[in-house]
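Chemist: Protein chains in written order, with the working numbering: chain R, 94 to 440; chain V, 94 to 440.
Simulated from the structure, these hints should not be mistaken for laboratory data.
Treat identical chains as interchangeable: a pair holds within one or across any two.
Each computed DSS-like pair below joins lysine-lysine, with the alpha-carbon atoms no more than 27 angstroms apart:
1) Lys144 - Lys392
2) Lys267 - Lys293
3) Lys392 - Lys140
On a predicted model such as this, the values are computed, not experimentally measured, just so you know.
Number of protein chains: 2
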Amino acid sequence: MSMDITFLGTGSAYPSPTRGASALVLRREGECWLFDCGEGTQTQFMKSHLKAGRITKIFITHLHGDHFFGLPGLLCTLSLQSSPDPNRRPVDIYGPLGLRHFILPTQDQCPAEEFKEFSYLDRDEVSPQGAQGRILHLDPVEHSYLLVEDEQLVLKAFRLFHRIPSFGFVVEEKPRTGKLDVQKLKDLGVQPGPLYGKLKNGTAVVLENGVTISPSDVLEDPIPGRKICILGDCSGVVGDAAVKLCCEADVLIHEATLDDTQEEKAREHGHSTPKMASDFAKLCKVKKLVLTHFSQRYKPAAQRGEGDTDITELRRQAESVLDGQEVTLAEDFMTIDIPMKKKKQRC
Amino acid sequence: MSMDITFLGTGSAYPSPTRGASALVLRREGECWLFDCGEGTQTQFMKSHLKAGRITKIFITHLHGDHFFGLPGLLCTLSLQSSPDPNRRPVDIYGPLGLRHFILPTQDQCPAEEFKEFSYLDRDEVSPQGAQGRILHLDPVEHSYLLVEDEQLVLKAFRLFHRIPSFGFVVEEKPRTGKLDVQKLKDLGVQPGPLYGKLKNGTAVVLENGVTISPSDVLEDPIPGRKICILGDCSGVVGDAAVKLCCEADVLIHEATLDDTQEEKAREHGHSTPKMASDFAKLCKVKKLVLTHFSQRYKPAAQRGEGDTDITELRRQAESVLDGQEVTLAEDFMTIDIPMKKKKQRC
Chain R
94 MSMDITFLGT GSAYPSPTRG ASALVLRREG ECWLFDCGEG TQTQFMKSHL
144 KAGRITKIFI THLHGDHFFG LPGLLCTLSL QSSPDPNRRP VDIYGPLGLR
194 HFILPTQDQC PAEEFKEFSY LDRDEVSPQG AQGRILHLDP VEHSYLLVED
244 EQLVLKAFRL FHRIPSFGFV VEEKPRTGKL DVQKLKDLGV QPGPLYGKLK
294 NGTAVVLENG VTISPSDVLE DPIPGRKICI LGDCSGVVGD AAVKLCCEAD
344 VLIHEATLDD TQEEKAREHG HSTPKMASDF AKLCKVKKLV LTHFSQRYKP
394 AAQRGEGDTD ITELRRQAES VLDGQEVTLA EDFMTIDIPM KKKKQRC
Chain V
94 MSMDITFLGT GSAYPSPTRG ASALVLRREG ECWLFDCGEG TQTQFMKSHL
144 KAGRITKIFI THLHGDHFFG LPGLLCTLSL QSSPDPNRRP VDIYGPLGLR
194 HFILPTQDQC PAEEFKEFSY LDRDEVSPQG AQGRILHLDP VEHSYLLVED
244 EQLVLKAFRL FHRIPSFGFV VEEKPRTGKL DVQKLKDLGV QPGPLYGKLK
294 NGTAVVLENG VTISPSDVLE DPIPGRKICI LGDCSGVVGD AAVKLCCEAD
344 VLIHEATLDD TQEEKAREHG HSTPKMASDF AKLCKVKKLV LTHFSQRYKP
394 AAQRGEGDTD ITELRRQAES VLDGQEVTLA EDFMTIDIPM KKKKQRC
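Assemble the whole structure, with the sequences as input and the hints as a guide.
Modeler: Pasting the structure below:
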């Protein structure tokens, strides 16, 4: 099952012609999950190979404008596009408290017949019949928020240090059943056929000779799923939960707004430098670190003009912490494939 | 005094890479007045020859997203840019009721120390000491709203027909004093000197021979100022006030979302076609009609690809109503100069 990440905006503070405001898409089985939605994200979609109509979920890391000011426009456009199809699944939106007040019209902003009442949410009440939306609460044991869980994956949020509440997200596929050990099955006298399917699906079988075979007898170790961590703006994580959640992630997407020489200024504004991002990546033993959310002064290497700061210095700073492990600097429209795993790993 | 208009977004419904969402700038003496601010306007500024930092006033025609979703981002960026200069004049924003709820953070959207209370506006009360903002009311005689008046010009708003309240704006320079008739002055025995200045400034003078000369005796007719009309989305104007206000405008900027063959659909959505725009232009005897706010299907002529609708058909439709008078189709980054007038005109 293919999975990839495309950056639609990699600049901080505001969108520019060289770096859009924060937005990235995790694509899986044709579905797009959008993480952050800075101003201009819908136009970035049009310039990319992705289709905004494929968005099924949107996650907002925090309520700074460069991360969510594109949301009202994107939602209106999706609504225009899908208006001939009333059966289209609604888009789920996850974000910090306060986001709803930004995207839902007030009574003086729309005709009376279009106004919808969501004030029950302000009182943290259960939604009335047919109404949607709810407040998610922190799991007091794991110190995370469970946002999505289905048969194939889990998505949790965790808290970051920033000037306002900011969140990181970890998307983790559930392990897949290991392969059947065909040699072992043959040794046990089980011939290829329907029993193989039963065992693969986790059901024990009884052979004609009365011997019971458990799936664990003949299945190889489960194959772990992929893990992707996407962090909002931060100068660090809150508590130990984040390190555990991000442990051995296949991809960690971390902000690096300023370079290492400006660490003091970065921390003062609740931001990170390449070294700070790499320190966290190292702690979590992540396999691939991707830096993004660069100050607009750092033009993409290919678009660098005379007098522009050399962004490749940020990569050098990050890699020096990771003992030479390669670090990627995100650019608008860059796509990163995340291949499936083939064997077990432990954290 | 130079005056020009630059289009930053000429598309309807949503911004696209070929046509930004609605935004145009009226520039006068280096000051920029922004009319509408669709998503992406701040990025369009960066791509243009204009500087967003020169914006002193913003006018929003109506509360459809493609006309104001760029406002929160633009304001944040202006605030970031001007933060080293606390003496910078605040930007005045004029728009329909409901706009304030979109651009001012609620209590759950920002830290307590950043929250500002503007609820007195909801009660249409006078602002407390130091607070700003007020509700403007319709002039019951002229059926317009007086938004700005200074020594040099007046800006009024008037009502349009659309699906929600929508406004047009007329910017009119006050007439300049006419030239001194030097021959007449000489005939009256007034020699060049300080008396000329007094007469030009509107003060009567008494000569040594006891004769009083009034300015009107020696001044030519006042030179009328320029008049620019910028209309929001509409399928027509409300009442007769608009025609009077827009009479003999130097430039009328009118929407033409769809072509004449789709007039029914246009009216159903509260929009205009080239013929509808030209009919109004003809009624008002405007000197130059500029069409904008085109459906995104109409690519700018130079960017038209195979299968794209030919937008020049819209110009032909508009010009056929105006007996061949030239009509301009707006494109992003197009600038239109509005030269000063030299003689009196009457409406």
